[in-house]
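Q: Going by this note's numbering, the letters in the sequence shown line up with residues 690 to 735, in that order.
Where hints are given, some of them may not hold.
As the list claims (entries may be wrong) - Pairs of lysine-lysine, DSSO-like flavour, derived with a Cα cap of 30 Å: (1) Lys707 / Lys693; (2) Lys707 / Lys726; (3) Lys726 / Lys697; (4) Lys713 / Lys726; (5) Lys697 / Lys707; (6) Lys693 / Lys726; (7) Lys721 / Lys698; (8) Lys721 / Lys697; (9) Lys726 / Lys698; (10) Lys713 / Lys698; (11) Lys707 / Lys721; (12) Lys697 / Lys713.
Hint data in this document are derived by calculation from the structure and do not stem from the laboratory.
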Amino acid sequence: MTTKDFEKKSYLILIYNKIQEVYKRTSGKRGKREIQKLELSQRLNI
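From just these sequences and the hints, can you work out the full model?
A: Have a look at this one:
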């Protein structure tokens with residue numbers, strides 16, 4: 690496992706935790722929209 694792999698993995702874990710956090714804070718349709726926005730922005734960043 691290279692350092693790059695490790696960085697990518699820890700980055701994905703960070704994103705996952707962030708999404709979980711947002712999911713807990715928001716509920717219903719508004720929450721789902723927030724998560725979709727978050728996932729989209731993260732996908733564009735990777």
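Q: All the hints need checking, so say for each whether the structure fits it.
A: Quick rundown of the hints versus the structure:
At most 30 Å may separate the alpha-carbon atoms for a hinted pair to count; Lys707 and Lys693 meet this at roughly 21 Å. Distance check on the hinted pair: Lys707 and Lys726 sit about 12 Å apart at the alpha-carbon level, within 30 Å; holds. For a cut-off of 30 Å, the pair hint linking Lys726 to Lys697 stands: about 21 Å separates their Cα positions. Proposed proximity of Lys713 and Lys726 is supported: the alpha carbons are some 15 Å apart, at most 30 Å.
With a C-alpha separation of about 15 Å, the suggested pairing of Lys697 with Lys707 holds against the 30 Å cut-off. Distance hint between Lys693 and Lys726 is fulfilled; the C-alpha atoms sit about 26 Å from each other, no more than 30 Å. About 24 Å separates the Cα atoms of Lys721 and Lys698, which keeps this hinted pair within 30 Å; it holds. Between Lys721 and Lys697, the direct Cα distance comes to roughly 25 Å. Compliance with the 30 Å bound is thereby established for this hinted pair.
For the proposed pair Lys726 and Lys698, the alpha carbon gap of about 21 Å is at most 30 Å, so the pair holds. Between the alpha carbons of Lys713 and Lys698 the distance comes to roughly 23 Å, so the proposed pair stays at or under 30 Å and holds. Taken as a hint, the Lys707 and Lys721 pair is honoured in the structure, with Cα atoms around 14 Å apart against an allowance of 30 Å. For the proposed pair Lys697 and Lys713, the alpha carbon gap of about 24 Å is at most 30 Å, so the pair holds.
Consistency note: the structure conflicts with none of the earlier hints.
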